[in-house]
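Q: The residues making up each chain are set out below.
2 protein chains.
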Amino acid sequence: MQNSIQHINKAFESKVRLGIMSTLMVNEKADFNSLKEWLGLTDGNLSSHVKGLEEMGYIDVQKQFVGRKPYTSYHITDAGKIAFTEHINALEALIKSMT
Amino acid sequence: MQNSIQHINKAFESKVRLGIMSTLMVNEKADFNSLKEWLGLTDGNLSSHVKGLEEMGYIDVQKQFVGRKPYTSYHITDAGKIAFTEHINALEALIKSMT
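Protein chains in written order, with my numbering: chain A, 1 to 99; chain B, 100 to 198.
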């Protein structure tokens, strides 16, 4: 029990971050508005969490213009994949310990 | 995705609370010191989280004396079992959505 708890990563505790990371695990990239819509978030809530994840090096942000419109997309980094996989493994171990 | 995220309960997001609740799902009761030791926590950290969980009606606290020593034990309530099961189901659905 203690062991699986200790491998839970505080960076991914919030459900918004779980949502962002799991989306980027299965989609090569996702743009801001799609993430917002898929996860049912506000602009401010999504912004603050992607910023946090970017600062920790778990996701990368790409900003470009499509015509005159800004287009922001996100993808998971290798470090993000490793860290999130470890987090998910810890959650799975915790769930398993209860059954 | 959005659906499983929305069923994640903010009350159980922190790893300390995940640890407390999953311990009390599989043990009829647990005393303060055992929980502290099993989960590798400090007094203050454990105290604040059990207080939070108690206030939400998810766990019950029983205080008694064994001889002259105070003995505090915790058990999960029916509401706690239902809410935590829903939380775990949401995490499992999230994990499944990635594979």
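None of these hints come from the bench; they were simulated from the model. Cβ coordinates follow ideal geometry from the N, Cα and C atoms, glycine included. Some hints could be false.
Claimed, not checked - SDA-like cross-link-like pairs, simulated, lysine to any residue; straight-line CA separation at most 20 Å:
hint	chain 1	residue 1	chain 2	residue 2
1	A	K10	B	A189
2	A	K10	A	I82
3	B	K150	B	A189
4	A	K96	B	K150
What the hints assert, rightly or not - One side of the interface only, derived from the structure: several residues of chain B facing chain A at Cβ under 7 Å:
hint	residue
5	G118
6	N126
7	M155
8	M197
Q: Take the hints in turn and mark each one as holding or not.
A: Hint check results:
1. A/K10 with B/A189: Holds, at roughly 18 Å.
2. A/K10 with A/I82: Holds, at about 15 Å.
3. B/K150 with B/A189: violated (24 Å)
4. A/K96 with B/K150: violated (26 Å)
5. G118: At about 4 Å, which falls below the 7 Å cut-off, the nearest Cβ of chain A leaves the hint on B/G118 intact, so it holds.
6. N126: violated (10 Å)
7. M155: violated (17 Å)
8. M197: With Cβ-Cβ at 5 Å, under 7 Å, it holds.
Checked against the numbered hints listed earlier, the structure breaks hints 3, 4, 6 and 7; every other hint is satisfied.
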